[in-house]
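Engineer: This is what each chain is made of:
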Amino acid sequence: MAIIDPIITGLSAGWHHIDASTLEMDRHFDADVVIVGTGAGGGTAAEILTEAGLKVIMIEGGSLKSSSHFDMEERHAYPNLYQQAAAMKTADKGIGIFQGRTVGGSTTVNWTTSIRTPEQTLAFWEQEKSVKGLSSQDLLPWFELMEQRLNIEQWQFEPNRNNGALREGCEKLGWDYTVIKRNVKGCWNTGYCGMGCPVNAKQSMLVTTIPAALDKGATLISRAKVIKLEHKGDQVVGLTAQALTEGLMPTSVNITFSAKHYILSAGAVHTPTILMRSNTPDPHKQLGKTFLHPSLLSGGIFAEQINGHSGAPQSIYSDEFVWRDGATGDLGYKLEVAPVHPVLIASKTIGYGVSHAQLMANFNQMQVTIALIRDGFNQQCPGGQVRLTDTSLALDYPLDKGFWDGARRAFLSMAELQFAAGAKKVLPMHDGLAFLNSWSEAKQAINNADLGLLKTIVASAHVMGGCAMGEDKTLSMVDGFGNSHYLENLSVMDGSVFPTSLGANPQLSIYGIVARNATALAQKLTQTG
Amino acid sequence: MKRRTFITGAFAGTAAIALGVNLYSPSITTSSDDIHHRVLFSVLLPVFLDGALPEVPSHRDIAINRTLDAISQSITHLPIEQQQELMELLELLEGRFGLLLLSGSMTPLLMREPQQLIDMLEFWRNNYLDMLTTAYNGLRELIMASYYACPEHWGNLRYVKPTFLVPNAH
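Order-wise, the sequence lines are chains H and C. Numbered continuously in this note's numbering, the first sequence closes out at residue 796. Numbered continuously in this note's numbering, the second sequence closes out at residue 172.
In isolation and in its complexed conformation, chain H is listed as follows (with noise of 0.2 Å):
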């Protein structure tokens, strides 16, 4: 079946693109708003901006890449969509990191769980970061907006028996779980949202946010790489871009922009590492402090065909063990599933030679919980900190005692769900453990083991954190409105602004919040002209 791809649609009806690839000559461009990144912030603040008249410029470091290119195979989807080729990792190497970098950001590769921000999380934040006004109630009317804008409902369909498993097994340990909301509008149930939606079902800022932005006259420049800003005094007065190749590597072309405002939209990391570069004001050295649901990865061989590579990714969730000590308490985990596909089952899993081989012959009947460790809230796992290396930047994220103790509960926990889910045999990815054939063994086995770096598989998709808001500039780097406290006419809308992690996946959030502060923006910049 042929599928209509919006963007070469809308690029014959006359949007404005630039590819920088293309560039063969420096390049000046003046706007009301540049926006750096267009991501899940970036893409938002784009509609929600161009709608109030103003004259906007969206730059992104990845590609323009549609439905049209999206071919369901990991050796395309990797390079072409993800930072770093999806291998993507922490400084010593303990953490593999999933990012996207195409336009869209990370929206056009994410599994498309759509979950408000925990109650317990934005109360930490007020509690303990200084954060103001972002209570459940006042961000209410911003999810319902965005939820309905992204058409974000939750799934009607049967899970598929990847997500299906993880609810048995909550059903039958009388764990709680929750039927996931997604952003989808008539989801083929694939499977393929990780490389790309193939059928543009997937509400991503790449179908939504960004051509209603480009309908309106805004402007995408895709393959620019934003070096740093220039500032005097409370101002931002410029910014520099850097033209990419084709295959993303630095030119010697140039572009740059003025702008009456600023907005950093190029994600956790990336935002921080700008502002680094631009050696903007940080008296109090919160820059770059960085969260990133460290994940440890559960396979669970089943006697019936699971097919985890079929059926939306992930719609099924529990929050069992999330919060059970209390925000501060041992750290808490999410269980979801990760859908299995060859890339990325062989290289998250372990061993080689006949073993690994036989792994990946159990292919078909092989069931993946994943536990996403809620970082950030106290000592036992208080995220990472980014740094600029002499050519690029680093991600520094120990991994301590704390964390390791709270890594073999999550074990634990996916072990006992995996075969009371009716797991013949379970395989939690730690260098050093063998399959499991029941939980007693499962049980022992896993309170023995020797988890550590490198030995003990851990994965990010969600990097948060970096730029945090609040009010105490002590915690901080903007305020709740993503206004800097240092730069008047620059903001930070993107998930760099959460003082910690999130215990939940990230997209709605920085919908919601963003939603709401580049309103308040639009309403500042159009009033003062």
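One should not assume that every hint holds.
Stated by the list, open to error - In silico SDA-like pairs for lysine to any residue, Cα to Cα no more than 25 Å straight-line:
#	chain 1	residue 1	chain 2	residue 2
1	H	615	C	158
2	H	332	C	80
3	H	615	C	132
4	H	615	C	72
5	H	615	C	78
6	H	360	C	74
7	C	163	H	338
8	H	360	C	101
As the list claims (entries may be wrong) - One-sided excerpt, in silico: chain H residues whose CB lies under 8 Å from chain C:
#	residue
9	339
10	341
11	351
12	354
13	465
14	609
15	610
16	614
17	620
18	625
19	627
20	630
21	659
22	721
Hints were generated in silico from the structure; no laboratory data involved. Every residue, glycine too, gets a C-beta built ideally from N, C-alpha and C.
Following the hints, position chain C against chain H.
Structural biologist: Just chain C now, kept in the frame of chain H:
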């Protein structure tokens, strides 16, 4: 694999000084490097992919060559720093002194028996030095990802991607 990890670690550093050689030589990959790296990977692939590669010799050769192409492709997608780290490791594995540092033997990998190669990987995998575990993990991920990225290698998985879309239709 942190840049210069292989000469700043205590184990490697001591040996390097004892041998009086400079083991670190950063370089940009050239086509001749690529040929050397293909030889190196062609030795390692049958060990990493034992049980996954086809048993029929001609099919096996095709699968190995396809994976070598995929590895070359995968490397070009890595960030420059990671490429440099990987090249440093490969150069060490291609040199006699580097091999001595990393595996305790100067015998070229090409001349080693499969069990000796397994012993080397197990030595890295279970080593208390992060740099060796990192080397093992880095090669493992690169090889596994490159092999299973190829649709022609999905037979053992009994998996095919959906075919409901008409290519380039719009």
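Engineer: Given residue 339(H) was flagged as interface, is its beta-carbon under 8 Å from a beta-carbon of chain C?
Structural biologist: 5 Å, holds
Engineer: Let me know if the C-beta of residue 610(H) comes in closer than 8 Å to any C-beta of chain C, holds or violated.
Structural biologist: Constraint on residue 610(H) satisfied, holds at 5 Å.
Engineer: Hint validation: residue 620(H) versus chain C, beta carbon distance must be below 8 Å. Holds or violated?
Structural biologist: 4 Å, holds
Engineer: The hint names residue 659(H) as touching chain C; please verify it with the least Cβ-Cβ distance against 8 Å.
Structural biologist: This hint holds: residue 659(H) lies near chain C, its Cβ roughly 6 Å from the closest one there, short of 8 Å.
Engineer: Going by Cβ atoms only, is residue 341(H) closer than 8 Å to chain C?
Structural biologist: Constraint on residue 341(H) satisfied, holds at 6 Å.
Engineer: Can the restraint linking residue 360(H) and residue 101(C) be considered satisfied, given a maximum Cα separation of 25 Å?
Structural biologist: Distance ~23 Å between residue 360(H) and residue 101(C) Cα, so the pair holds.
Engineer: Using 8 Å as the Cβ threshold, decide whether residue 627(H) counts as touching chain C.
Structural biologist: OK, holds: residue 627(H) within 8 Å of chain C, min 6 Å.
Engineer: Given the hinted pair residue 615(H) and residue 158(C), is their Cα-Cα distance within 25 Å?
Structural biologist: 18 Å, holds
Engineer: Verify the proposed pairing of residue 615(H) with residue 78(C), using a straight-line Cα cut of 25 Å.
Structural biologist: Roughly 21 Å between the alpha carbons, so the hint for residue 615(H) and residue 78(C) holds.
Engineer: Less than 8 Å between beta-carbons is the criterion; does residue 351(H) satisfy it with respect to chain C?
Structural biologist: Since chain C brings a Cβ to about 5 Å from residue 351(H), closer than 8 Å, the hint holds.
Engineer: Does the CB of residue 630(H) sit less than 8 Å away from some CB of chain C?
Structural biologist: 4 Å, holds
Engineer: May I ask you to test the interface hint for residue 354(H) with respect to chain C, counting a Cβ-Cβ separation under 8 Å as satisfied?
Structural biologist: 6 Å, holds
Every hint from the earlier list agrees with this structure, and none is contradicted.
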